[in-house]
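Read off the chains here:
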Amino acid sequence: MVIDVEACKGCDLCIDACPPRVLEMTVHEVNTRGYRYPRLLAGCTGCQACAQICPDFVFQVYKYDTPLELPLEDQGQQ
Amino acid sequence: MSDERIYLSTDSPPQEPAALVDDFTPSLITQANHHLCPGCGEPIAIRAAMEAIEELELAHSTITVFGIGCYTAFAHNLDVEVVQALHGRAPSVATGIKRMLPDGFVMTVQGDGDMVNEGLQEVLHAAARGENITCLLLNNGVFGETGGQMTTTTTLGQRTKTSIEGRDPHQHGHPILLSDLAATMDGAAYVARCAVNNAGNVARTKRYITRAYESQMAGAGFSLVEILTMCPTGWFVDTLEGPEYLQDTLAPVHNIGELKAP
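In order, the protein sequences belong to chains A and B.
Residue 435 is where the first sequence starts when you use my numbering, and the numbers rise one by one after that.
Residue 4 is where the second sequence starts when you use my numbering, and the numbers rise one by one after that.
Hints are computed from structural coordinates only; laboratory data are not their basis.
Backbone N, C-alpha and C fix where the C-beta goes; we use that ideal spot for every residue, glycine too.
You may find that some hints are simply not true.
Quick look at which bits of chain B chain A covers, simulated, 3 or more residues with Cβ under 8 Å [stated by the list, open to error]:
no. : stretch
1   : 26-34
2   : 198-206
List of simulated lysine to any residue pairs, SDA-like, C-alpha gap at most 20 Å [as the list claims (entries may be wrong)]:
no. : chain 1 : residue 1 : chain 2 : residue 2
3   : B       : Lys-209   : B       : Ser-30
4   : A       : Lys-497   : B       : Glu-19
5   : A       : Lys-497   : B       : Asp-25
Work out the full structure, taking the sequences as your base and the hints as a guide.
This is the structure in structure tokens:
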């Protein structure tokens, strides 16, 4: 997933739309326009729900040819 | 902010073998930047419409007629031909274009203030004549561009800038349900209503729009897709509450579903 944080207007729609709940809004960090933006936690399934709901076309979604194996402690911290 | 949480790098495409499944914008939206408010539903709906055009390979023959509203500014971001119509008159302009260019694919994009308040007779006459055009109605229940005043599709009890105590049927009248009205016309071939308040409904929106386009390509007659969109600025709600507000306020009155299908 590539997130174009400068295009984001901080509307939070992607946070609720994400089925595995792996997107999280920043709290203090903002982009150059002063909006908060989403960040990606481990566990994305590439379902494109965020890209479909985003009014500002912030998301570019890639699907790995083989799923990435993450260390166990990184998973389930959503 | 706990630093133990793992944030994946999202600055550049992945290094591992991966397939691009969803680009920033469909190829018919050439510029992603726009001036619509955060949480607006209109770019989501227009994206679905452009993706459907792309999938049906209609881009070379498409002429889009835009009404007046917030979405009008978005017309400059599209890689299809756009004609700007007078307020509410897009179906009549589209009628003229379609009659001169019967092989072209002609669609209109209008809001509820444009189509229902200002140009109700244009769209109903186009539907009654069975003009072979597709109309998209972006219905958010308020005049978003001018700051959230009441329109005729505002539901009873809904607070807007000009119905601050909620829409009162004795003072403001009852809402007009345009799709239900258009579905009664014999000239209308396909009428559907959908919403963009969650990913499932966005997928449904795209499906309905695709069916409407196919209906026009088959020469079946008038097709209308009403899309309920969020307008958190005009509704005076938080952007995050927009989808839920739509579900609680607009969707119970403007019922989602296919109202007329061949």
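Cut-off 8 Å, C-beta pairs, minimum 3 residues; does the coverage of the stretch 26-34 of chain B by chain A stand?
Since three or more residues must qualify, the claim that chain A covers the stretch 26-34 of chain B holds, with 4 doing so at under 8 Å.
Regarding the pair Lys-497 (chain A) and Glu-19 (chain B), is the alpha-carbon distance no greater than 20 Å?
holds, 10 Å
Is it true that the CA of Lys-209 (chain B) sits at most 20 Å from the CA of Ser-30 (chain B)?
Distance ~16 Å between Lys-209 (chain B) and Ser-30 (chain B) Cα, so the pair holds.
Are there three or more residues in the stretch 198-206 of chain B whose C-beta lies within less than 8 Å of some C-beta in chain A?
Three-residue rule met by the stretch 198-206 of chain B, so holds; n is 5.
Can you confirm whether the C-alpha distance between Lys-497 (chain A) and Asp-25 (chain B) stays at or below 20 Å?
holds, 9 Å
In summary, the structure agrees with every hint in the numbered list given earlier.
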